[in-house]
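2 protein chains.
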Amino acid sequence: MTEPTKSQEYSREEVGLALRNHGMHLEGLRYPVTPVGMHYLLIHYDIPFIDATTYELPVGGLVRNPLRLTLDDLKTRPAVTVPVVMECSGNGRAHLYPRPVSAPWREEAVGCAEWTGTPLRPILQEARLSDEAVEVVFAGYDRGVEGGVEQDFERSLPLEDALDDGVMLAYGMNGGPLPPQHGFPLRLIVPEWYGMASVKWLKEIRAIGEPFEGFQQTDRYRHKQSEEGPGSPMTRKNPHALMVPPGIPDYLSRVRHVRAGRTLVEGRAWSGWAPIESVEFSPDDGRTWDAAALGEPIGHYAWRPWSYEWDAEPGEHELCVRATDASGRTQPTDNDEAWNYGGYGANVLQRVPVIVD
Amino acid sequence: MTEPTKSQEYSREEVGLALRNHGMHLEGLRYPVTPVGMHYLLIHYDIPFIDATTYELPVGGLVRNPLRLTLDDLKTRPAVTVPVVMECSGNGRAHLYPRPVSAPWREEAVGCAEWTGTPLRPILQEARLSDEAVEVVFAGYDRGVEGGVEQDFERSLPLEDALDDGVMLAYGMNGGPLPPQHGFPLRLIVPEWYGMASVKWLKEIRAIGEPFEGFQQTDRYRHKQSEEGPGSPMTRKNPHALMVPPGIPDYLSRVRHVRAGRTLVEGRAWSGWAPIESVEFSPDDGRTWDAAALGEPIGHYAWRPWSYEWDAEPGEHELCVRATDASGRTQPTDNDEAWNYGGYGANVLQRVPVIVD
Numbered sequence: 011m012t013e014p015t016k017s018q019e020y021s022r023e024e025v026g027l028a029l030r031n032h033g034m035h036l037e038g039l040r041y042p043v044t045p046v047g048m049h050y051l052l053i054h055y056d057i058p059f060i061d062a063t064t065y066e067l068p069v070g071g072l073v074r075n076p077l078r079l080t081l082d083d084l085k086t087r088p089a090v091t092v093p094v095v096m097e098c099s100g101n102g103r104a105h106l107y108p109r110p111v112s113a114p115w116r117e118e119a120v121g122c123a124e125w126t127g128t129p130l131r132p133i134l135q136e137a138r139l140s141d142e143a144v145e146v147v148f149a150g151y152d153r154g155v156e157g158g159v160e161q162d163f164e165r166s167l168p169l170e171d172a173l174d175d176g177v178m179l180a181y182g183m184n185g186g187p188l189p190p191q192h193g194f195p196l197r198l199i200v201p202e203w204y205g206m207a208s209v210k211w212l213k214e215i216r217a218i219g220e221p222f223e224g225f226q227q228t229d230r231y232r233h234k235q236s237e238e239g240p241g242s243p244m245t246r247k248n249p250h251a252l253m254v255p256p257g258i259p260d261y262l263s264r265v266r267h268v269r270a271g272r273t274l275v276e277g278r279a280w281s282g283w284a285p286i287e288s289v290e291f292s293p294d295d296g297r298t299w300d301a302a303a304l305g306e307p308i309g310h311y312a313w314r315p316w317s318y319e320w321d322a323e324p325g326e327h328e329l330c331v332r333a334t335d336a337s338g339r340t341q342p343t344d345n346d347e348a349w350n351y352g353g354y355g356a357n358v359l360q361r362v363p364v365i366v367d
Numbered sequence: 011m012t013e014p015t016k017s018q019e020y021s022r023e024e025v026g027l028a029l030r031n032h033g034m035h036l037e038g039l040r041y042p043v044t045p046v047g048m049h050y051l052l053i054h055y056d057i058p059f060i061d062a063t064t065y066e067l068p069v070g071g072l073v074r075n076p077l078r079l080t081l082d083d084l085k086t087r088p089a090v091t092v093p094v095v096m097e098c099s100g101n102g103r104a105h106l107y108p109r110p111v112s113a114p115w116r117e118e119a120v121g122c123a124e125w126t127g128t129p130l131r132p133i134l135q136e137a138r139l140s141d142e143a144v145e146v147v148f149a150g151y152d153r154g155v156e157g158g159v160e161q162d163f164e165r166s167l168p169l170e171d172a173l174d175d176g177v178m179l180a181y182g183m184n185g186g187p188l189p190p191q192h193g194f195p196l197r198l199i200v201p202e203w204y205g206m207a208s209v210k211w212l213k214e215i216r217a218i219g220e221p222f223e224g225f226q227q228t229d230r231y232r233h234k235q236s237e238e239g240p241g242s243p244m245t246r247k248n249p250h251a252l253m254v255p256p257g258i259p260d261y262l263s264r265v266r267h268v269r270a271g272r273t274l275v276e277g278r279a280w281s282g283w284a285p286i287e288s289v290e291f292s293p294d295d296g297r298t299w300d301a302a303a304l305g306e307p308i309g310h311y312a313w314r315p316w317s318y319e320w321d322a323e324p325g326e327h328e329l330c331v332r333a334t335d336a337s338g339r340t341q342p343t344d345n346d347e348a349w350n351y352g353g354y355g356a357n358v359l360q361r362v363p364v365i366v367d
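First to last, the protein sequences are chains A and B. Mapping the first sequence onto the numbering used here, position 333 (from 1) lands on 343, and the numbers just tick up by one. Mapping the second sequence onto the numbering used here, position 86 (from 1) lands on 96, and the numbers just tick up by one.
Excised from the complex, chain A in its bound form:
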């Protein structure tokens, strides 16, 4: 892995990743369901070009009843449609110092789509997992070279997580078919975890008898303080609140211009550990905090809306927002607390510079 950089500027490679891996426009937080094309994307290699008419998903490995599922098979199974907040585990990375070198996300690597598909558990039950099975590997059709290793994108889930409520195979998004860039024709959705678990363009599901040691499991997506050591695996989303930046932006700097007076600031908050219990707003870069009003999310895995009536006084301000969930987890006020070698799970505070006049 590339050494984190102390440069305030960005390399050609980081910009290349930013151009391909789309961020959600923060004004997209206005929508309970993020429109296609505003949802974030993180695509390790290329978007595969897959013929849905001949598509088949093998379910094998340590199972007593291997399956091969066509899209029609999957669509005749019980269908669910579920809004799910998806967030890249690299979200917040560019706020860390030194900055880990990969997709240079600030806070825009998020979205909440309505996924349509069928639950995974009954499929694994039908395949009859062997007693030796401990994990389930999900392989994608996206192939590339990373850290010098040629590979398909592959991730595993421990058995209990693969069998969890909410885990599904999705063939639809926001009422339409899955778009190519979101995993057409079929992807996994692991609703409470960071996005790397929700493998796109599914090529194979296989049960295995030992913990998976693939590159994306053991080399990437680990929370650790140096290049060495296994660290701990990234799993569930940390609590995170974001606001729609108020007022109007400057084109280049994105600094906001707001008219003085009462300003309704709105946003959404989520956590993969427990429901959101409170959201606080700070008009002064975290020196003082005040409780925001909470609305109801449109689903168990969706984000929770919040709002705050801010009395905008002339001058320069830095607005922040902070979420706390029912497990007691919250967001750090100091970015250094979130620092880790790969820049994962960094739920640092969104800071919005605003000029009020």
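I should point out that these hints are in silico values taken from the structure, not numbers from a laboratory. Some hints could be false.
Since the list gives no way to pick out one identical chain from another, each pair is judged satisfied if it fits inside one copy or across any two copies.
What the hints assert, rightly or not - Calculated lysine to any residue pairs in the SDA-like style (CA-CA distance at most 25 Å, straight line): (1) K16 with G26; (2) K234 with Y261; (3) K234 with L262; (4) K85 with G309; (5) K85 with G185; (6) K85 with D174; (7) K16 with L262; (8) K16 with R109; (9) K234 with E287; (10) K85 with D171; (11) K234 with D367; (12) K85 with L139; (13) K16 with S317; (14) K234 with V159; (15) K234 with Y351; (16) K85 with N345; (17) K85 with F59; (18) K234 with A284; (19) K16 with P108; (20) K234 with L106.
Got chain A; can you put chain B on it based on the hints?
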């Protein structure tokens, strides 16, 4: 305007623009019609949030019969569905040296969508332009600060261009409604021009008696060699060919890995001046060129497919492609020939580094 930079690294502002302004994944060149969410986006300010049920478009200024059109009015008029290559006039900017500071596009600021709407000419005829009218201004609901000027995004077209075949008001994209980020509920499409002319989130159409002097007309989108002087306005798209990068990518560098042997390289080419007449492929960074095979575009304003059977020999290569149109315009082999102060219309060659083994 910010002075062009000689830095090989990129500023925080440029990265911010790259995260918001989505590039087309180059593998998206496989599709004759670019899927929503893969098409490029350039959004100067914020995506406006517009209520379509109360939406009305005024057509006024120097007209004898001012109109106010609802979406229903527009949808009862004759409908057309047209595939159009849209390209940001800043595409290629990041290949220039020194690099103009704005959205740091390489070649991904492009897409070809199928737009549905109604032709503009009959609407202007119904509004009965005054004899004094010389231009038509199109204002958008997107508002922000740019170059120190608070403004709506506004652009004009000379009368003859506004009345041209193909110019339309679009309310649909790729068979669905216009997505918010592409101009919902209504946008202009000027099919042969660069994207800045196709104003999104239309707020007003007004005929004027003098050439328009708005910021986006006279300060931005001008081809000039220094900060001073008016330069010439950006209008039609220069010829441009792109390839789907062959093989598989390295995650960070995007360098391609290709197996030795015959490799079909495919892509698309377009020009806003005249039909594409030839596409040439170079396996050696432009030292030698060979004619590619041409297919037929799916429409007059769509891109033209091409392909080339490349015999990939082991080693490192730099692949290029070059388009020439029926007006004789082609792409420069030397990036400096395309240099201009704002980095507009820079149809420099795509260069794809490939390792064959």
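Right, here's what the structure says about each hint:
Within a single copy, K16 and G26 get their C-alpha atoms as close as 19 Å, and across copies as close as 18 Å, so both meet the 25 Å cut-off. Proximity of K234 and Y261 under a CA criterion of 25 Å is satisfied inter-copy only: 21 Å between copies versus 37 Å inside one chain copy. Taking identical chains as interchangeable, the C-alpha atoms of K234 and L262 lie at most 25 Å apart only when they sit on different chains, with a minimum of 20 Å there against 35 Å within one chain. Taking the shortest Cα distances, K85 and G309 sit within 25 Å of each other inside one copy (22 Å), while across copies they are farther apart (35 Å).
Both within a single protomer and between protomers do K85 and G185 lie at most 25 Å apart by alpha-carbon distance, with minima of 14 Å and 23 Å respectively. Taking the closest pair of Cα atoms, K85 and D174 come within 25 Å of each other only inside a single copy of the chain (20 Å); across copies the shortest separation is 47 Å, beyond that limit. Taking CA atoms no more than 25 Å apart as the test, K16 paired with L262 passes in both settings, with 23 Å inside one copy and 18 Å between copies. For a Cα distance limit of 25 Å, the shortest separation of K16 from R109 qualifies both inside one copy, at 6 Å, and across copies, at 23 Å.
Proximity of K234 and E287 under a CA criterion of 25 Å is satisfied in neither setting, with 28 Å inside one chain copy and 55 Å between copies. With identical chains, the CA atoms of K85 and D171 are at most 25 Å apart within one copy only, with a shortest distance of 23 Å there and 49 Å across copies. For the homomeric pair K234 and D367, neither the shortest alpha-carbon distance inside one copy (44 Å) nor that between copies (35 Å) is at most 25 Å. In this homomeric assembly, K85 and L139 come within 25 Å of each other (Cα to Cα) only inside a single copy, at 22 Å, whereas the closest approach across copies is 55 Å.
Proximity of K16 and S317 under a CA criterion of 25 Å is satisfied in neither setting, with 36 Å inside one chain copy and 44 Å between copies. Taking the shortest Cα distances, K234 and V159 sit within 25 Å of each other inside one copy (21 Å), while across copies they are farther apart (46 Å). In this assembly of identical chains, K234 and Y351 lie within 25 Å of each other by CA distance solely inside one copy; the values are 6 Å within and 45 Å between copies. With identical chains, the CA atoms of K85 and N345 are never at most 25 Å apart, being 45 Å at best within one copy and 51 Å at best between copies.
Within a single copy, K85 and F59 get their C-alpha atoms as close as 21 Å, which meets the 25 Å cut-off; across copies the closest is 35 Å, which misses it. Taking the shortest Cα distances, K234 and A284 sit within 25 Å of each other inside one copy (24 Å), while across copies they are farther apart (56 Å). In this homomeric assembly, K16 and P108 come within 25 Å of each other (Cα to Cα) both inside a single copy, at 5 Å, and across copies, at 24 Å. Taking the closest pair of Cα atoms, K234 and L106 come within 25 Å of each other only inside a single copy of the chain (14 Å); across copies the shortest separation is 39 Å, beyond that limit.
The structure fails to meet hints 9, 11, 13 and 16 from the earlier list, while all remaining hints are met.
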